[in-house]
Amino acid sequence: MTGFSIPYVLRVMVLAAIYFTAARIGLRFATVGAQVTLVWPPTGLALAALLLGGWRLWPGVALGAIVANASTGAPVATACGMGLGNTLEALLAAGLLRRLAVEPSLTRLRDVFALVMLAAGLSTIASATIGVSSLLLGGVLSWSAAAPAWGTWWLGDALGDLVVAPVLLVGFARSWRPIGWRRGGEAAVLLVVIVLGSVSVFGGWFGAGSTYFSLVYLIFPCLLWATLRFGPPGAVVFTSLMSSVAIWGVARETGPFAHGAVLRNNLLDTQVFIGVVAITALILAAAIAERDRVVARLQALQSVSDIALAHLALTDLLPRLLDCGKLALAADNAAILLLDEQGEELVVHTARGPEARVGGAVHVPVGRGFAGRIVATRAPLVVDDLAATEVINPPLRENLRSLMGVPLIAEGRIMGVMHVGSTAPRHFTADEVLLLRLVADRCALAINHAHLYEAERQAHARALAATRARDEFLSIAAHELKTPVTSVQGFAQLLQRSVARGESRLDAPTVRSALQHIDKQTNKLAALISQLLDVSRIDAGRLSLEKEVVNVTRLVEEVASTAQARTDRHTLVVDVPESLPARLDPLRIEQVLVNLVTNAIKFSPDGGQIEIAAWQDAGTVRMAVRDHGLGIPPEHRARIFDRFYQAHAHSHRSGMGLGLHISRQIVDHHGGSIMAEFPADGGTRVIIQLPVAGGDPLGPS
Amino acid sequence: MPAARRILIVDDDESIRDLVTMALGAEGYEVMGARDGAAALHILATSRPAVILLDMRMPTMNGWEFAREYAQRPGPRAPLIIMSAARDAAAHAAEVEADAFLAKPFDLTDLYTCIARFADEREARADQEETRA
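Top to bottom, those sequences are chains B and V.
Residue numbers are given in the working numbering: position 598 of the first sequence equals residue 607, and the series is strictly consecutive.
Residue numbers are given in the working numbering: position 78 of the second sequence equals residue 79, and the series is strictly consecutive.
Rather than coming from a laboratory, the hints here were simulated on the basis of the structure.
Values in this document were obtained by computation on a predicted structure and should not be read as measured data.
Among the clues, some could well be false.
So, partial list: chain V residues that the calculated Cβ filter (under 10 Å) puts toward chain B [what the hints assert, rightly or not]:
#1 D12
#2 D14
#3 M33
#4 A40
#5 A87
From the three backbone atoms N, C-alpha and C, an ideal C-beta is built for every residue, glycine too.
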């Protein structure tokens, strides 16, 4: 393309000079008067210049054309008219091709058809018509010569578009990369073969004239070699070399087309031949390029699909997908940004290239920046020059020049953005956008599957844990219930046997003791069963409270005196106010207190003091039970309120480990909290806090 | 010389110990109780029962630990009968190489049968030894 620093005027002047030179070469083959020629390379030159350099360069075309035409001896007005035709032709062709977004690389059939039909076929009509009219009006051309002049003009210009323009377009559009030795060698051999073949055919090595016409078919193997192996570049190089040699041959009256004495007829045959060859080569090359592109795209999509199918974890999946997409598009940078849970911000999940070094700490709000706009519009976005656009991630602008991004959409839900970038200026074509979209669609599906799999995995793990917990519950419950059942059954059978033998083999104290055991174990069974029912009720969310206003002082005192009656090794000390009214479920809170006091006694095996207190504090009622016993080892403290957890299972196994769990659930249902403290001088202090201070809702009490 | 009709019951549950003591006492056995493995080892230091009834889940020293310690002690070993409330009582018995097991809750008849088998075997062997001597 045109350099950025060359001033406009200079560019126009250079274009005019080149145009003039090319025109002078063409005019050497003028066959109708001095102005009408079958060889007119400037048309192709002008088209390429306006298409690649922009339509503003048209004054260069006009200037070059007018001067060249004037140099043939035509009147200035006529030269100007012809120049106008030449300029309009170039503007028309370039305008049409731009409008159809023709890519100068000529790798698509539609682009080649556009060039052949609209540029070579249509735009040249303008030049031929205006040019011939100018010549007629200027009296330079006789009316009888008008028709052949028009045909000659049109064909000459058309060939300029078919032979010269493609060389320049393909040459400037391609980013040339060094090719390997093998391919370089093949290209060199091909060039030699093209030149030698053309020279031998058109230079008349085998003779001249129509007798040797079939020699032109020797050109076709070369055409196939060049286009099949080297695509559009091969096609344009072949066509331009072959046609140059053919015109050279016909000018020196050698080769198959030098069959008549009239140069114009010989040239006409040559140009028709060149035109057919050029169109054939361009179409063939574009078809090959399209096929190669489809194969490459399918291969890329195949590897993307393979990766998407092979991995279920996002951390494995996305880097590999990104590598694949980056490779398929020959990009320097690639990144996947995912929307956060609220769908408000994008965060870089995985990146390759310069963006990987930038890191993922940047949050891009939806609607802003490059990726944010893609999410907002749910449409692809291509930015040729990042310097001119808003980006949220500043290092992106410092490191990259061009960017292309597409939304990640699966099942109609947008989940992020995938974009690839280039460190050098690059125009991402519609074809590349399509490929990225196809890659992104597969990415989005894979991400969706990964999310579903993860959710399924977690649900499965939760179900397994629930089943395990249930098994454990049943196992522990059964085990705990069996001990009192064994005892009750044993004592009952003992008494039964004694009675059955008709004589009392057991003395009265033994019988009394057996009955006491049965009574005690039955109570224990009942207590265990009600604990199990409580837990099952809590688990099912069916723990209901029957709240009423009660005096917490009385509640605490009753629990303490009942507990004191069962132990003579412990001293229960009660510290309560005169009266402490609160609205709570008295049976449930009593259950909690009994549990705490029972634990305090159980875990103070050496006896000692147990303090029970209740007080009012900042809108809450608090109760505390403190012992000076074993305390809880630090490694067990976090779990003492868990179901079945027994901190002293090793030394003091008793019960199911449900007491504190149930207590916490009851307190939680009251909207309160329960916690344990471990004072430095030993023991445990459990504090209950209930948000139900006496006062306004209670009335006088 | 083990007393043929002396039984050791090791269980942390007082009511089970009392039950076994009463039930076997009524049949003329002499029963000693221990609330855990450590207490049982203490008793075994001075007394040699004909049969040991062993619970598995106990605090301080459980059935597995007791069985291991007991097996390492020198001298003759009394038959071990496991009493377990666990689902896999048989497996527990196998783990400690016990001679028999009673799954809780058990029938008194089973207890008598089991005890009689091992205690009487012991008695017979003791008689034989006595005769030979």
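So, going through the hints one by one against the coordinates:
1. D12: holds (9 Å)
2. D14: Holds. Min distance 5 Å.
3. M33: Interface hint status for M33(V): violated (18 Å vs cutoff 10 Å).
4. A40: violated (13 Å)
5. A87: With a closest approach of 6 Å, the A87(V) hint holds.
The structure shown violates the earlier hints numbered 3 and 4.
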